[in-house]
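With chain E held as given, fit chain R onto it using these hints.
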Amino acid sequence: MTIDWNHFTPWASLAGGILLGLASALFILANGRILGISGIVGGLMGHIGRPKAGDTGWRIAFVLGMLTAPVLYLLVAGPVPATIDAGWGTVVLAGLLVGVGTRYGSGCTSGHGICGLSRLSPRSLAATLAFMGAGFAIVFVMRHVFA
Amino acid sequence: MQHRVTEFFVGLLFGVGLILAGMTDPSKVLGFLDLAGTWDPSLAFVMGGGILVGLGAFAMAKKRTTSFLGGAMHLPTSAVIDKRLIGGSLLFGAGWGLAGFCPGPAIVSLGAGQPKAAAFVAAMLVGMAVFEIIERKQARQSAGAH
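The listed protein sequences correspond, in order, to chains E and R. Read left to right, the first sequence gives residues 1 to 147 (the numbering used here). Read left to right, the second sequence gives residues 1 to 146 (the numbering used here).
Okay, chain E solo, but in the shape it has when bound (with noise of 0.2 angstroms):
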């Protein structure tokens, strides 16, 4: 293992992970929620052909604000910096995985990784190693098996 000091960046990733943490506690003592975004996400999905009275609004609030963060911080700082490399078969094929995993799985890297460890949740902890350790994997796979 080499670290590529190039692209570390350890003070703004923990500064973004401690206001990641501040949201979460925000919306746990505030609102009575867990802060997982595809468990917000999903419900939605979860209402078409079925709605359930007073469960939207929250979600689409939450929803604008998260769509509304690259916006403030165009304004703010620029261009919100991303290189994607995958292809778009790939990506869509990602975003499957994504939808359907985290609903069986009953969240993701908000919800199990950063909520439920902070509740020192064991199911939790589970989830975050079975899904960190599929992505070592597939990362170790397509970049150094089939690369």
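These are calculated hints, taken from the structure and not from any lab test. Mixed in with the good hints there might be a few duds.
[As the list claims (entries may be wrong)] Simulated pairs of lysine to aspartate or glutamate, DMTMM-like, Cα-Cα distance not exceeding 20 angstroms:
id: 1; chain 1: E; residue 1: K52; chain 2: R; residue 2: E132
id: 2; chain 1: E; residue 1: K52; chain 2: R; residue 2: E135
id: 3; chain 1: R; residue 1: K83; chain 2: R; residue 2: E135
id: 4; chain 1: R; residue 1: K83; chain 2: R; residue 2: E132
Quick look at chain R alone, frame taken from chain E:
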């Protein structure tokens, strides 16, 4: 209205956090997931920072019966570690490793106008809808069996 404002603000705060953290840049995420290459450990600091703040907040949340805004506390109650949890998480991790996007950053990148993020989010919504269809079908079948 107070609730909608908080939810919007928390979404905004979370989105800015993801951008600062580097989570919305798939090449950075993949740099973290590439243990065998030149490894960028930055994202470990994201998780560390998040949990650092979260530990205190969730310890406080567990003791409360209502939220600060007066609503119910929706803390998860399931402790089951089963095939659904692990299988679903493995599928999610595979998708995350393929493109470098997980749900939150993909939605933020959609707001940043990335066309591939839009394709990812569209496919993710289809995946989530497929899950709902399968779940409803199974619920109907098990209801019919009784």
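Next item on the list: Quick one: which hint numbers does this structure break? Sort them smallest to largest.
Entry: Checked against the structure, no hint fails, so every one of them is satisfied.
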